[in-house]
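Q: When you get a sec, could you build the whole thing from the sequences and use the hints?
Here the protein sequences come in this chain order: A and B.
Going by the working numbering, the letters in the first sequence line up with residues 1 to 457, in that order.
Going by the working numbering, the letters in the second sequence line up with residues 458 to 669, in that order.
Hints are all accurate, no fakes.
Simulated pairs of lysine-lysine, DSBU-like, Cα-Cα distance not exceeding 35 Å:
1. Lys-345(A) to Lys-365(A)
2. Lys-135(A) to Lys-585(B)
3. Lys-268(A) to Lys-505(B)
4. Lys-336(A) to Lys-585(B)
5. Lys-318(A) to Lys-505(B)
6. Lys-505(B) to Lys-209(A)
7. Lys-214(A) to Lys-464(B)
It should be emphasised that the hints constitute simulated quantities derived from the structure, not laboratory data.
Chain by chain, the residues run as shown.
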Amino acid sequence: MSETATVLRQEREENLRNIYDNKIPKRVPISMYLSNAVVAGYAGVDLKATYWNPSLLKKPLLELSERIPSDTSLYGGSVYTPVSSQTLRSINKVMSSTGYMQHPNTRCMEADEYDELIADPYAFIIEKCIPRLYKGLNAESNPGKNILALTQENQLKMAVGREEMEIMQELDERFGYPNGIGPTGFGRAPMDWLADQLRSFSEVCIDVKRCRSKLIEALDAIYPLLYKIGVCADPENVSRYHSTDFQLHMATYLNEKDFAEVWLPSWKRQVEDYASLGMRTGAFLEHDWGRLLDYVYELPTGSIFSFEYTDAKLIKEKLGKKHILSGGFPLQHLTKCTKTEAIRKTKEWLDIMAPGGQYIFGFDKGAMTHHDVNIENLIAVCETVRDYGVYDNPGTPTGEIFNKSDYKHSNSPVFTSKYYRSWEDYIREFPYTPEEARPLIAQSEDSLLFLMFVMTC
Amino acid sequence: MMTNLEKLQTAVVELEETAVMEIVEQIMTSGGNDAQAAMEACREGLNKVGQLFESGEYFISELVFAGVLMTQVLERLKPALSKNFDQQLGKILLCTVEGDLHDIGKNIVKAMFEAAGFQVADLGIDVKANVIVETAKTENISIIGLSGVLTLAIDSMKAVVDAFKNAGMRDKVHIIIGGNPVTQEVCDYVGADAWAVNPQLGVNLCREWVKG
Ligand code: B12
Numbered sequence: 001m002s003e004t005a006t007v008l009r010q011e012r013e014e015n016l017r018n019i020y021d022n023k024i025p026k027r028v029p030i031s032m033y034l035s036n037a038v039v040a041g042y043a044g045v046d047l048k049a050t051y052w053n054p055s056l057l058k059k060p061l062l063e064l065s066e067r068i069p070s071d072t073s074l075y076g077g078s079v080y081t082p083v084s085s086q087t088l089r090s091i092n093k094v095m096s097s098t099g100y101m102q103h104p105n106t107r108c109m110e111a112d113e114y115d116e117l118i119a120d121p122y123a124f125i126i127e128k129c130i131p132r133l134y135k136g137l138n139a140e141s142n143p144g145k146n147i148l149a150l151t152q153e154n155q156l157k158m159a160v161g162r163e164e165m166e167i168m169q170e171l172d173e174r175f176g177y178p179n180g181i182g183p184t185g186f187g188r189a190p191m192d193w194l195a196d197q198l199r200s201f202s203e204v205c206i207d208v209k210r211c212r213s214k215l216i217e218a219l220d221a222i223y224p225l226l227y228k229i230g231v232c233a234d235p236e237n238v239s240r241y242h243s244t245d246f247q248l249h250m251a252t253y254l255n256e257k258d259f260a261e262v263w264l265p266s267w268k269r270q271v272e273d274y275a276s277l278g279m280r281t282g283a284f285l286e287h288d289w290g291r292l293l294d295y296v297y298e299l300p301t302g303s304i305f306s307f308e309y310t311d312a313k314l315i316k317e318k319l320g321k322k323h324i325l326s327g328g329f330p331l332q333h334l335t336k337c338t339k340t341e342a343i344r345k346t347k348e349w350l351d352i353m354a355p356g357g358q359y360i361f362g363f364d365k366g367a368m369t370h371h372d373v374n375i376e377n378l379i380a381v382c383e384t385v386r387d388y389g390v391y392d393n394p395g396t397p398t399g400e401i402f403n404k405s406d407y408k409h410s411n412s413p414v415f416t417s418k419y420y421r422s423w424e425d426y427i428r429e430f431p432y433t434p435e436e437a438r439p440l441i442a443q444s445e446d447s448l449l450f451l452m453f454v455m456t457c
Numbered sequence: 458m459m460t461n462l463e464k465l466q467t468a469v470v471e472l473e474e475t476a477v478m479e480i481v482e483q484i485m486t487s488g489g490n491d492a493q494a495a496m497e498a499c500r501e502g503l504n505k506v507g508q509l510f511e512s513g514e515y516f517i518s519e520l521v522f523a524g525v526l527m528t529q530v531l532e533r534l535k536p537a538l539s540k541n542f543d544q545q546l547g548k549i550l551l552c553t554v555e556g557d558l559h560d561i562g563k564n565i566v567k568a569m570f571e572a573a574g575f576q577v578a579d580l581g582i583d584v585k586a587n588v589i590v591e592t593a594k595t596e597n598i599s600i601i602g603l604s605g606v607l608t609l610a611i612d613s614m615k616a617v618v619d620a621f622k623n624a625g626m627r628d629k630v631h632i633i634i635g636g637n638p639v640t641q642e643v644c645d646y647v648g649a650d651a652w653a654v655n656p657q658l659g660v661n662l663c664r665e666w667v668k669g
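A: Structural data, given as structure tokens:
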């Protein structure tokens, strides 16, 4: 690692650490990310090819990282890719003719299947959801080959993943992106998960009205599963420098009553349970949460909230002391404004968001294609944040302090399922297994659970 | 005292499914003479739901549910509606354009058109321009409704208009476009005959076209 990169990394980590520690940083950190589609478009590379050969993105990524002074790596690999979706013949992730990966309005659970989901959520995922969403794993639609599909997907994913990893490491080393601080966990709000994948966006809108109490019962039943997915692996060693992050989806499309009675309680319980362990929550608040800010305020102190459509003054005033704010800066400014205007808008934005610290600069949404980004303007905006967003009082205490003891863990039942094998079950079946196998078995049961869950995300 | 039809309209606005279906059931068991008027009341109700959405009292989930409710009512009333009720205003082709998979808006528009007495040929989502032109030709449909919410849908809409031009049919059809990103500017760019974000305005426009 070069000396400049080392210095930059230290500076970046310290800035973030200050924010996480309720102190004013030296300057406003910039959190940026460019999707494969944007990078490919910028470089004139075929997006479809990059899924199979990520190294096509390396040169443009090196160039972009050199030019854009982001404090986080621009590259995160790909989330949805044809490498997986085609191998598994998935219907919930499909590639468009231009190579753009998308999530259609699919469902893998019918309205009359709530009781089955409630009885054993993990079994429902394995027996019903996965075979419906992934035709390649379905014994009826892909006989014989369904035995091979998951292993093949895993092989391909690993091969491609290695290349992605190499690029990430090279970028981290060359440009000094922070290491060991920031989001590490991934969670889903119970109702978002149920809506997005199981019942579908539109069907859940109907369930809220038609079978509200069943829906609420289901949210309760899936709670232990969702809790387990997002909770940090070692609850004894929780670090406030990490967060479990959520991508919130359904909330703002509901009226306030449905939001408060149906959507919110299970997620609030989740983040409060996590807070009682000392964990930090991060969340992207999709769409416009303007009318729901009072509820957001109530969430555990020191949560990191990234906004989409927003009234900067309002969120700063209402939430800025208790929580860490992020996002919100309109991506549109990059294409709709001249460079001078974009710089002026950035300064105006910082004048509102930066005072008092507790702010990480970011855009309201990720760009879909390179047409959504004017690189020159993007550079100008980031440089402005870097140079204008400096504080003259770094290290000064700020914001409300998080106190773990303010939160009580709910009485959540332990996660069980007929597909989640305990050690006792294991040795009953294979009595000659030594104790050495125990941690391995436990770990693999957990990673299977995680894999199956991610397949429904 | 509210009449049954007024009650029906209120129940639609309040999305009281049980009440709506009860009244519809009553209308049907007592001979169905009010079926047409009931449709009209429901459409008024649905229109009000749209207004409540625009004014921020209702949200997308209410819109979705209202659409479903409407379809259900129509299903139940159909046998009693004069045989040619759904043809009296003619036929309209409706779909979400190529590349776009969103259909919540389209389904609401469909419910509104059906309730107003149009027959709707719903081609679904992600529909290619040539399929639209072919269907219009074979089914002899002269009103084309295109829906889309992705920005890329705008170019797909333009492709549909161009496809009608290429097929020599542009002057035989009226094309109306809608969806969140649609504006007058977009309409000019696409070369459509009209645009509407409010489905009721769309219905009104198409009624004019049918009258000629
Ligand atoms: C619901 C939703 C989904 C659902 C769709 C469910 C379904 N069955 O439709 C799901 C979760 C599946 C989804 C998926 C995706 N979505 Co989406 N989705 C939305 C959301 C939240 C609401 C859209 C909606 O239904 N609006 C409500 C309806 C009622 O409004 P409307 O369509 O405008 O219709 C009204 C009027 O316009 C009019 N109208 C409509 N059509 C017509 C036609 C005529 C003729 C007339 C007269 C009137 C008319 O009447 C309707 C009633 O008032 C929006 C965000 C938002 N707040 O708008 C994002 C949004 C549209 N989605 C977006 C994206 C990016 C996607 C994905 C590509 C994400 C992904 N990477 O997978 C995929 C889509 C894949 C694809 N190719 O389409 C972006 C689009 C960005 C852009 N600039 O193009 C948005 C804006 C979110 C965002 N802020 O980024 N999505």
